[in-house]
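Based on the sequences and whatever the hints tell you, model everything.
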Amino acid sequence: MKKMLALLLTAAMTVGLVACGSKPAEQPAQSEPATTEGTDGAEAPADIEAPAEPKGDTPTIAFVPKVEGQAWWEHVRGGVTEWAADNGMEVIYKGPAEVDAAAQVQIMTDLVNQGVDILCFSPNDPAACEAICKTALDKGIIVIATEASGMENITFDVEAFDEAGLGAFLMDQLAAQMGEEGEYITMVGSFTMESQNNWADGAVARQEEAYPNMKLVDDKRVEDDSDAQKAYELTKQLREKYPNLKGILGTGSFDAPGAARAIQEMGLTGEMFAISVAMPLEVKDYLADGTLGSVALWDPAVSAKVMLNAGMELYNGGTIETGTDLKEEGYTSVRVDGKVIIGDGQIAITMDNVDDFGF
Amino acid sequence: MNKATLKRMTRRTEFWIFLVLVIMCIGIQAASGGGLFKSSTVVTILRSMVVDGMFAMCCLVVMVSGGFDLSFPAVAALAYSLATTICVNMGWCATNPIAGLLLATLIGFVLGMLNGWIIANFKLNTMIVTLGTQTFFTGVSMGLLQMQEITSTLPLGFRAMGESYLFEVYNEAGIRSTMSTMFLFFVALAAVTSFVLNHTMFGRALYAIGGNEVSAERAGYNVKRVKFILYSVVGAVSGFIGMIRVCMERQSIPKAMVGREMTIIPAVILGGASIFGGEGTVFGTICAVGIITVVSNSMLLMGIDTYWQSFFNGLVILIGITVSAVQAMRQKR
Amino acid sequence: MSEYLLQMTGICKSFAGVHALDHVNFAIRPGKVMCLAGENGCGKSTLVKIISGVYTRDEGEVVFEGNPISKITPAEATRLGIQVIYQDLSIFPNLTVMENLAINSEITEGKKFVNRKRWEATAKEALSKIGYEIDLQAKMGELSVADKQLVAICRALLFNAKLIIMDEPTTALTKREVDALFKTVRQLKDSGIAIMFISHKTEEIFEISDDVCIMRNGKNVYAGPTAELTRQDFTFHMTGRELTDDHFVPKNISKEPVLKVEHLCQKNKYQDVSFELRKGEILGVTGLLGSGRTELALSLFGLGKPDSGTITLNGQEVKITSPIQAQKLRIGYVPEDRLTEGLCLQQPIADNITLSSLKRLSKAMGFLRHQDILDDANIWKEKFSIATDDVRRFASTLSGGNQQKIVLSKWLSNDLDVLILNGPTVGVDVGAKQDIHHLIHELANEGLAVIIISDDLSEVVVNCSRVIVMRDGSIVGELTGSDIPEEDIIEIIR
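From first to last, the protein sequence lines stand for chains L, E and G.
Just so you know, we're using the working numbering here: the first sequence kicks off at 18 and counts up by one.
Just so you know, we're using the working numbering here: the second sequence kicks off at 289 and counts up by one.
Just so you know, we're using the working numbering here: the third sequence kicks off at 17 and counts up by one.
A portion of the hints provided could be inaccurate.
List of simulated lysine-lysine pairs, DSBU-like, C-alpha gap at most 35 Å [as the list claims (entries may be wrong)]:
(1) L/111 - E/543
(2) L/258 - E/543
(3) G/140 - E/295
(4) G/285 - E/295
(5) E/411 - E/512
(6) G/164 - E/295
(7) E/512 - G/65
(8) E/411 - G/155
(9) E/291 - G/283
(10) G/199 - E/291
(11) E/543 - L/237
(12) E/291 - G/191
(13) G/140 - E/291
(14) G/199 - E/295
(15) G/128 - E/295
(16) E/512 - G/178
(17) E/326 - L/258
(18) G/127 - E/295
(19) G/276 - G/321
(20) E/411 - G/65
(21) E/411 - G/87
(22) G/127 - E/411
(23) L/301 - E/326
(24) G/164 - E/291
(25) G/87 - E/512
(26) E/411 - G/128
(27) G/128 - E/291
(28) G/133 - E/512
(29) G/127 - E/291
(30) E/291 - G/145
(31) G/164 - E/512
Calculated directly from the structure, the hints in this document are not laboratory data.
Listed below in structure tokens is the structure:
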């Protein structure tokens, strides 16, 4: 008898929940994306119809970084502030005090409940954000993420570059420094980091296609455990093993600084070269003394502005597809692949712009 | 050399570990086509031994006393992170790194005193205590103090010290290798450790406590005081070594030392220190650190994938512990 | 100058309200050996700790060389010339003999640095005190127990010891080593040093001591010259009850031998061993250490394969290749240390009893049948009259003798034909020893065939109706009768 009652209660509650859940979705039915609820999620953004009456008023916009206070995100804050001033709008910039997925979700939940119109964020844990993003979409909020490939419940994900493209970019720079000839080898932070390995693959593909006088001296990649000290030791050992080694194509952010220290110590500045994605200030000294010619990066402040631009475009009834101009350098003609907006946002860090970021 | 002395010598782990080192070096030399015994390679290997070798000295004295210190990487990391941060913020050490070194040593000393105080007063298992303080120190560093990576803003004094060298050698391809000045610290620490262990009553107290703590107490050693001093000094030295590492690597990364104990403790065990205490020498420890460094530096040279490193380190742990256990069994008999 | 070196009167000490020592009186004369005897937990070690300054007495007077001593600290004890050689000898197994000898005086003198020349001089001086010679560079841990003990004695002598307290020094020694130790003790005695010898072994006490102090439950029940005491009195004082040497008289010996061993040989261990064993009989196998007695027993239990010869069990020739097979053939073997150490004190009695027969008491998949375990344990409780009201109580709640009954029942709870006991009462005090003996007698009378392997001749004599004496791996004599004189065995044994 008890069991029966419990079962009934559960059933009743489930029905109740479903009813509650569907309500907010139905109310703004005429206006926005909620109409797409039944259709295939992947197509949803493309199907966004222009709102019946474009909202002339200014939207409430929020930007949630992974964490507040760190140099990287302070730089992003600068970009967001600049964008707000240029566009005469206000953006709520609020993130967790430390890198914490739960705290970030809490902040996003508060913002969604406050009723923002555009929510931009960079997830600490993409999977943990899915639920709140679903609620946001159901409420008709435009959800723009970055570095969140694979997320379902978003309007768009903005990525500064594609993996092969970044690899090619790294290779182009290394090749220029090496005079487009000589032996090189690839280094990653860890064999298990998929993206870094994809970048390295992209770089090798680029070399095979464009630089016939360069030679990958060994198919075997080396990993430095994301430790500059290890990168330093590996570089010395590699040069010992391959006396003609001229270039280290790194990907992880510890590769170039570690390799540069080894090159400098071995007295090979100008004869041996290294590159990787890296934080500008960490390689500044090596850029200054010429041990490194350049490193690669993307400007997260620019990415942030692109996210905001994308949000506004959608809010104002526009659409985003391959070729759309998102009004920032590297994003004047973006590619759209499903829900991912891909730009050409990679930039070379040299002595000219090394101080522009604050990290 | 009479027969008894020879027999005693062959019974020591140090003897075998030295033999292994020599044979291994010859083997690698042959297999790599003469890649090992080049002045440049030798200098590079000796350089790489500095930090691990110094930490091994700390581990050694603790293990001789029958204890385990899992917290030294955390002590070092907190000490150098805090010291470097203070130096950066105060603008110290632009030319002279002394203030930073002293600061790190002092911080290490305070942290070590905490270890020593708990271990001496509550007679707890040292492995558990230091596991606890390790986590605690890391928490203080990452959570409470929010220590950040310092690379480009590292005081120039540190960098200058790290870059200074005793001499430089060039290989046939004209590549330069420098013998870091820091190597002197390693030599000095090894010499001091050896002196303390063999020629002071404090050192003998460590062996005595490691051999039989109750007997040591009965014999008149102040076991509590010895342990307190031991862990405090080890903390101070760990802080100092941490700073040396910062200078050599030109970066202060709060997380960089995490898990370091798991490569150094096995090395010390391999070098003849007993996990049950009372055994271990500076010579054996240096040989064991030598083996590990030579191997990790030769993997590429021999064309072995770098991830075999973990395999080798695991092997070292197993061999070290087996040797230690066999020795203990022999002694029981 | 008093006749006594050390006099203690009315010593009391209690821990948390429990009297560990209750008005203990005793005195030691210089140049004499005094035995402190008593069963485990009678307060012997507390008394020693008061003398050596580890504990402070609550009440009582201490007079050393005629001077009253108000408070003894460890340093004060050393200054007075009191040295304790603990059971574990307080040595450092990882250090050399030289360092072990020198370390104490170095610390006492407050030395900060090592001077190996000085150590060597100290060590040599120590060894010369009893004219003992050993390699100073040898590692302490690699010496025999007897050698370790001599080193410990030498070390104690360095402090101009007037009183040396030896805490159960003979526990881990063979008979020959005990003789050597006693020689040294007499030597010390002759040089005017008083020895306080702690033991519970009757024979040793009567052999070595001049005076004896017997303690029971924190009180000393006898103090006086050993010569005025008979062995019966001694046992009575020790245990508080009249114990008689109940010699075993076999009641029902089977006609047919249950075990027959013929011409059994194992190279370098024993040769051409033949004997028979009947049900209801207790056979003693004795001999010095290395005579092959233990190896023979191990072969019968499947440990150590004989090279030739036959073993016949219940008329069938068998090959025993492993302990598991031996158990299947209903042969049980209880090694030396098991009777004294084979107990999980913090576990229920029932679990202890059934530990070795859990397979029989469990269902498929290894789940235990708890009721059966309790029933089984209760059967043994009745059989051995184990003094407890509930087998679910912890083993630690039992007295020593009852604990040993449990251990024995653990081994017997699988049905056996032949039970081999190796040194069944090594390290057991008098009262418990008698309990175990009675138990073995009972078992034999119920039809079990028992072999006792022991070098404790009195034990062999009391328990065995037949004794085989082994020397250098061969049987050199066989004695029969319920009252074999020990002298007869000694005659053959060497």
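> Within a Cα-Cα threshold of 35 Å, do residue 140 of chain G and residue 295 of chain E meet the stated pairing?
Replying inline: 23 Å, holds
>> Does residue 543 of chain E sit within 35 Å of residue 258 of chain L, going by the straight-line distance between their CA atoms?
In response: Holds, at about 30 Å.
> Is it true that the CA of residue 164 of chain G sits at most 35 Å from the CA of residue 512 of chain E?
Replying inline: 27 Å, holds
>> Next pair to validate is residue 128 of chain G with residue 295 of chain E; report whether the Cα-Cα distance is within 35 Å.
In response: Within the cut-off at roughly 31 Å; holds.
> Within a Cα-Cα threshold of 35 Å, do residue 285 of chain G and residue 295 of chain E meet the stated pairing?
Replying inline: 28 Å, holds
> Hey, residue 543 of chain E versus residue 237 of chain L, does the alpha-carbon distance stay inside 35 Å?
Replying inline: OK: residue 543 of chain E and residue 237 of chain L at ~28 Å, within 35 Å.
>> For a C-alpha distance cap of 35 Å, please report whether residue 291 of chain E and residue 145 of chain G respect it.
In response: 29 Å, holds
> Taking 35 Å as the top limit, are the C-alpha atoms of residue 87 of chain G and residue 512 of chain E close enough?
Replying inline: 24 Å, holds
>> For a C-alpha distance cap of 35 Å, please report whether residue 164 of chain G and residue 295 of chain E respect it.
In response: It holds: about 21 Å lies between the C-alpha atoms, which stays within 35 Å.
>> With the threshold set at 35 Å, check whether the alpha-carbon distance from residue 326 of chain E to residue 258 of chain L stays at or below it.
In response: Roughly 12 Å between the alpha carbons, so the hint for residue 326 of chain E and residue 258 of chain L holds.
> Do the alpha carbons of residue 291 of chain E and residue 191 of chain G lie within 35 Å of each other, as the hint requires?
Replying inline: 33 Å, holds
> Given the hinted pair residue 291 of chain E and residue 283 of chain G, is their alpha-carbon gap at most 35 Å?
Replying inline: 31 Å, holds
This entry satisfies every hint, going by the numbered hints stated previously.
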